[in-house]
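Given the sequences, and given the hints that come with them, work out the whole structure.
Chains as they are written, first to last, in numbering that gives the first Met the number 0: chain F, 0 to 425; chain A, 0 to 425.
Worth flagging that the hints you see were computed from the coordinates, not collected in a lab.
Please read these numbers as outputs of a predicted model, since none were measured by experiment.
Note that CB positions come from ideal geometry on N, CA and C, so glycine has one too.
It is possible that some hints are incorrect.
Said to hold, decoys possible - Computed footprint of chain A on chain F, listed as stretches where at least three residues anywhere in the stretch have a Cβ under 8 Å from a Cβ of chain A:
id, region
1, 39-45
2, 310-322
3, 325-337
As the list claims (entries may be wrong) - Cβ-Cβ distance ranges computed for the label pairs, FRET-style:
id, chain 1, residue 1, chain 2, residue 2, range
4, F, D237, A, D92, 55 to 63 Å
5, F, N248, A, A31, 40 to 48 Å
6, F, N248, A, R353, 28 to 36 Å
7, F, R232, A, E79, 56 to 64 Å
8, A, D144, F, G285, 41 to 49 Å
9, A, R404, F, Q148, 34 to 42 Å
10, F, T250, A, S20, 31 to 39 Å
11, F, T250, A, N77, 37 to 45 Å
12, F, N248, A, S167, 49 to 57 Å
13, A, R307, F, R283, 28 to 36 Å
2 protein chains.
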Amino acid sequence: MHPAKAFERTVGDLRRGATESRLGVADRWLAARLQSVIESVDVRLELWDGSSPYSATSRPIGDLIVRDRRTLLGLIVNPELYFGDAYMSGRLDIRGAIAPVLEALSRTSAPEYSWKDRVLAALALPTTLASARRNVHHHYDLGNDFYQQWLDTDLVYTCAYFANQTMSLEEAQRAKLDLVCRKLRLQPGDTVVEAGCGWGALAVHMARHYGARVRAFNVSREQLSYARERARREGLTDRVEFIDDDYRNVTGEFDAFVSVGMLEHVGLRQFRTLANVLRRTVRRNGGRGLLHFIGRDAPRPLNPWIRRRIFPGAYPPTLAEVGTLILTPAGMSIVDVENLRLHYARTLGHWHKRFAEVADRMRAQYGGEFERAWELYLAGSQAAFATGWMQLFQVVFTPFETPPRYWTRAELDGRHRGARCTAAMR
Amino acid sequence: MHPAKAFERTVGDLRRGATESRLGVADRWLAARLQSVIESVDVRLELWDGSSPYSATSRPIGDLIVRDRRTLLGLIVNPELYFGDAYMSGRLDIRGAIAPVLEALSRTSAPEYSWKDRVLAALALPTTLASARRNVHHHYDLGNDFYQQWLDTDLVYTCAYFANQTMSLEEAQRAKLDLVCRKLRLQPGDTVVEAGCGWGALAVHMARHYGARVRAFNVSREQLSYARERARREGLTDRVEFIDDDYRNVTGEFDAFVSVGMLEHVGLRQFRTLANVLRRTVRRNGGRGLLHFIGRDAPRPLNPWIRRRIFPGAYPPTLAEVGTLILTPAGMSIVDVENLRLHYARTLGHWHKRFAEVADRMRAQYGGEFERAWELYLAGSQAAFATGWMQLFQVVFTPFETPPRYWTRAELDGRHRGARCTAAMR
Chain F
0 MHPAKAFERT VGDLRRGATE SRLGVADRWL AARLQSVIES VDVRLELWDG
50 SSPYSATSRP IGDLIVRDRR TLLGLIVNPE LYFGDAYMSG RLDIRGAIAP
100 VLEALSRTSA PEYSWKDRVL AALALPTTLA SARRNVHHHY DLGNDFYQQW
150 LDTDLVYTCA YFANQTMSLE EAQRAKLDLV CRKLRLQPGD TVVEAGCGWG
200 ALAVHMARHY GARVRAFNVS REQLSYARER ARREGLTDRV EFIDDDYRNV
250 TGEFDAFVSV GMLEHVGLRQ FRTLANVLRR TVRRNGGRGL LHFIGRDAPR
300 PLNPWIRRRI FPGAYPPTLA EVGTLILTPA GMSIVDVENL RLHYARTLGH
350 WHKRFAEVAD RMRAQYGGEF ERAWELYLAG SQAAFATGWM QLFQVVFTPF
400 ETPPRYWTRA ELDGRHRGAR CTAAMR
Chain A
0 MHPAKAFERT VGDLRRGATE SRLGVADRWL AARLQSVIES VDVRLELWDG
50 SSPYSATSRP IGDLIVRDRR TLLGLIVNPE LYFGDAYMSG RLDIRGAIAP
100 VLEALSRTSA PEYSWKDRVL AALALPTTLA SARRNVHHHY DLGNDFYQQW
150 LDTDLVYTCA YFANQTMSLE EAQRAKLDLV CRKLRLQPGD TVVEAGCGWG
200 ALAVHMARHY GARVRAFNVS REQLSYARER ARREGLTDRV EFIDDDYRNV
250 TGEFDAFVSV GMLEHVGLRQ FRTLANVLRR TVRRNGGRGL LHFIGRDAPR
300 PLNPWIRRRI FPGAYPPTLA EVGTLILTPA GMSIVDVENL RLHYARTLGH
350 WHKRFAEVAD RMRAQYGGEF ERAWELYLAG SQAAFATGWM QLFQVVFTPF
400 ETPPRYWTRA ELDGRHRGAR CTAAMR
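Okay, here's the thing in structure tokens:
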């Protein structure tokens with residue numbers, strides 16, 4: 000049968016709601032196309048009747064199981080969106096360890112520069128104050144209880160920093176908090192504004208170990224109430240204030256601006272607003288800031304499934320977008336950039352493993368689709384950071400009038416302040 | 000007299016070639032305007048009759064001496080261009096240490112984002128192969144003898160790296176060469192292409208201390224002949240090849256691409272070409288590269304005087320321009336960025352001091368105007384890097400398929416490879 004005819008017939012079958020398990024010529028033809036792509040990365044396709052077009056003699060690293068015709072077609076027509084929904088509903092499954100299979104699949108195409116992506120990225124809808132709050136609630140107000148089941152004990156929901164290969168997730172999260180403080184060269188009495196403070200771990204760390212006075216913004220009520228309780232428990236309420244407001248409403252001038260894991264939720268259209276916030280809040284003489292965010296090599300919209308199901312309104316920017324739309328208009332110099340994508344892959348590996356350990360409880364509590372969506376999101380993100388589809392940038396900046404506050408990175412990274420930093424880590 | 004009238008009369012005087020030393024009302028009015036600007040940074044203006052409109056009680060850090068009316072007018076109408084030519088010809092002079100005065104003067108305005116600058120920057124003329132060669136000859140073929148009088152003994156004409164505060168220029172240049180090699184994680188047998196190799200110090204360092212096999216490109220014949228002789232003297236001709244050609248003509252695939260101090264001469268319009276060079280020369284799997292260049296916080300053309308007299312065709316790009324026009328189209332991930340502007344200010348301080356020590360000989364050999372132009376260029380550049388008008392970026396990148404070759408910066412910076420690096424430095 001001519002391919003176009005086969006395709007037409009398959010679509011016709013779908014429209015008629017045909018769900019017979021028998022494979023037609025069109026199914027076989029489509030499956031062969033899909034198999035030829037994923038065979039290059041050693042993944043075996045298995046169809047709803049148990050057959051497989053896999054032809055290689057090598058042992059596959061895992062199987063992609065397609066349970067019906069609709070899923071097969073979806074994977075060919077719009078894999079970015081369809082993969083997630085099909086996996087979530089169970090119409091698509093993975094046999095073998097999910098993370099390596101997703102990593103392999105993401106190597107079948109390249110996160111390259113394309114004008115289509117540029118245009119789509121530019122069209123990213125502006126995030127209004129109201130929608131920002133809504134978007135944040137969608138994800139972060141799932142309940143502290145949900146996150147406590149699989150995050151580290153300090154509830155840090157951003158890329159950790161594994162300063163050495165043997166660190167636990169708990170240690171690596173604390174190492175990250177400390178890395179951020181050292182890159183900011185925090186001194187006792189420094190005033191800090193934090194935009195998007197999660198459950199408050201960084202704000203508390205800055206106050207406790209560096210004597211900083213912190214105003215931390217968040218629009219997630221669940222997180223805020225947890226953060227406030229934490230500050231009370233640690234006796235730091237005089238030095239840390241958690242504010243239920245959008246960071247864009249911040250007033251006053253500060254020694255340091257810090258934002259960890261928020262920029263990717265801001266949306267490209269709001270970057271100018273953030274530039275204005277930086278311009279008015281960072282002290283020109285001696286001020287500095289740090290942005291820690293999920294980014295890209297090239298402008299392209301976030302995977303539509305992640306955008307729809309997990310993070311509405313999210314957009315991971317390129318370093319150039321952050322420079323052109325935020326730091327340059329804010330009159331800032333880029334002092335230092337570190338790409339920690341492998342650390343995020345490892346962080347996500349920890350999260351995914353912990354999540355899998357409580358999968359049964361998750362299913363009972365939130366339902367099977369929810370559990371599968373989160374499993375896919377965690378394992379898929381791990382694959383994206385491992386393969387270079389996603390980057391994790393830490394950018395240190397200062398107003399151009401302020402020279403970098405260190406001479407070499409040895410100081411910046413605190414290795415010359417050994418005693419202090421080690422003490423702070425305990 | 001009404002200011003507009005005074006101005007008109009001064010222009011009239013100029014047109015008539017009036018050069019009388021007597022100060023008119025217009026002169027005084029213009030001088031007062033200029034003084035009010037530079038008084039904010041404690042610089043005293045002195046006019047051709049020896050008088051000064053300086054009114055502060057504080058002791059100035061230095062004097063700006065204007066020797067005729069034409070110079071006064073030029074400083075007001077087009078200071079960026081006029082300052083250099085007037086200083087060069089002696090119609091403008093500085094009493095006191097030149098570098099601090101220039102640094103103070105550069106603080107009277109801000110290197111800010113403007114649409115005018117963006118447009119001017121975008122119009123930067125394309126650098127053809129022929130004009131690239133011409134531009135390079137203008138500056139670099141002044142003669143090795145000229146540079147040997149004031150550069151370090153290894154003839155490294157780019158920003159040094161002062162790993163500690165006590166390093167000499169010689170040590171800091173060697174520390175820079177080694178920093179570049181470590182950031183590239185060079186291993187014995189690695190193939191390297193170097194675009195714009197100067198007098199060959201880096202190429203020889205990579206071959207000698209890291210066992211790399213280097214193809215180094217340059218279009219300056221004087222430099223090439225020196226570099227080849229150096230490789231012969233050190234017995235490295237089997238590992239280092241110096242090629243008299245434009246880097247854009249490079250063929251083959253390499254483990255590493257490196258360019259130190261060339262990007263700022265390439266011109267914005269040629270960035271796409273460089274992207275193509277990177278795309279075809281850097282091995283996708285395991286390759287990496289480093290760009291070391293003078294940059295900006297915001298797009299703006301190079302100072303027109305420097306562009307006309309010192310570096311024709313030069314344009315220091317922003318990090319975003321390098322990302323958008325080179326690294327993203329080349330399919331590269333940014334792994335690491337370090338801003339070394341304070342190191343460049345110190346390097347230029349060393350050069351300026353050494354240059355001043357041989358000023359008499361320079362004047363005798365090249366003439367007074369040439370000597371003054373170079374003094375101003377060195378001291379002015381020192382001021383620009385000290386005050387944040389100019390940045391010095393080192394950018395490490397890899398093809399997105401290649402994960403960073405290190406886990407933390409401790410490895411990247413080689414501090415965990417202590418023995419090896421120390422040995423290499425000897």
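Cross-check of the supplied hints:
no., hint, in the structure
1, 39-45, "violated (count 0)"
2, 310-322, "holds (count 5)"
3, 325-337, "holds (count 11)"
4, F:D237 - A:D92: 55 to 63 Å, "57 Å, holds"
5, F:N248 - A:A31: 40 to 48 Å, "44 Å, holds"
6, F:N248 - A:R353: 28 to 36 Å, "54 Å, violated"
7, F:R232 - A:E79: 56 to 64 Å, "58 Å, holds"
8, A:D144 - F:G285: 41 to 49 Å, "45 Å, holds"
9, A:R404 - F:Q148: 34 to 42 Å, "36 Å, holds"
10, F:T250 - A:S20: 31 to 39 Å, "56 Å, violated"
11, F:T250 - A:N77: 37 to 45 Å, "41 Å, holds"
12, F:N248 - A:S167: 49 to 57 Å, "52 Å, holds"
13, A:R307 - F:R283: 28 to 36 Å, "32 Å, holds"
Against the hints set out earlier in the document, violations occur for numbers 1, 6, 10.
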